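Asker: Here the sequence shown stands for residues -20 to -1, 1 to 198, numbered as in mature numbering (1 follows the signal peptide of the UniProt record, and there is no 0).
Worth flagging that the hints you see were computed from the coordinates, not collected in a lab.
Small disclaimer: the values here were computed from a predicted structure and weren't measured.
Yeah, the Cβ is synthetic: ideal placement off N, Cα and C, and Gly gets one too.
Careful, some of the hints might be misleading.
Computed Cβ-Cβ distance ranges for the label pairs, DEER-style [said to hold, decoys possible]:
{"#": "1", "residue 1": "F60", "residue 2": "E166", "range": "22 to 28 Å"}
{"#": "2", "residue 1": "V158", "residue 2": "N36", "range": "15 to 21 Å"}
{"#": "3", "residue 1": "E166", "residue 2": "F35", "range": "18 to 24 Å"}
{"#": "4", "residue 1": "S74", "residue 2": "N152", "range": "29 to 35 Å"}
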Amino acid sequence: MKKILLASVALFGFAGVASAADLPVRSAPPAPIVAAAPIFTWTGFYVGVNAGAAFNANDDDGIVFGDTTFFGDSDDDASFIGGAQVGYNYQMGSFVVGVEGDLQWADFGSTTYDFGPAGVYTADSDDWFGTARVRAGVAFDRALLYATGGFAFTDNRSGWTVGGGLEYAITNNLSAKVEGLYVNLEDDDVTFNGTTFSTGETDFGVVRAGLNFRFGTY
């Protein structure tokens, strides 16, 4: 009897092991996939707005007539400017190169010239100007220190500009900048009492702050 009981226990134990072996094996759940954090880049198109001030506006050398130069009296040595810009940056390692164009509204006032017995002539200044420039700089992660220069123009004059600035990416697409430019515009011709005079070059400095929004970047 004792042998029969032991044989029964062994038989049931073997059957239990065999049944457990037939059960499906449950594998461990897969590890969650964690996306890599995007790497910030300055590469991409952008648009933006800016505002600031222009200094020494209407800084003409004078109106030249014959051998005489008549210097004008400007009524506005500093003025508000504001406008918009569009551009493209391309980053190669720590170096960033790009192009930018902008149009600016400006309140440069007017300049008055006293021709003595011939009378007084008031020259209204341009109320807008624009630039088309290249930019090149070094990126320190989200900070970009750059130099810039290129072509400057108004509705009837052209010239050149050079400057630099600092831009910082607040978010992956939004950045803020401060920038300074020196603008030099060529001579202009004016007519007074039937006589055409040539003004001197106009040069002024620009200090402005702006916001840029970049497309298609992380």
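Asker: Look at each hint and say if it fits the structure.
Answerer: Do the hints match the structure? See the list:
Our hint of 22 to 28 Å for F60 and E166 holds, since their Cβ atoms are close to 24 Å apart. Checked against the hint of 15 to 21 Å, the pair V158 and N36 passes, with Cβ atoms roughly 19 Å apart. The given range of 18 to 24 Å is respected by E166 and F35, whose C-beta atoms sit roughly 20 Å from each other. The given range of 29 to 35 Å is broken by S74 and N152, whose C-beta atoms sit roughly 18 Å from each other.
Checked against the numbered hints listed earlier, the structure breaks hint 4 alone; every other hint is satisfied.
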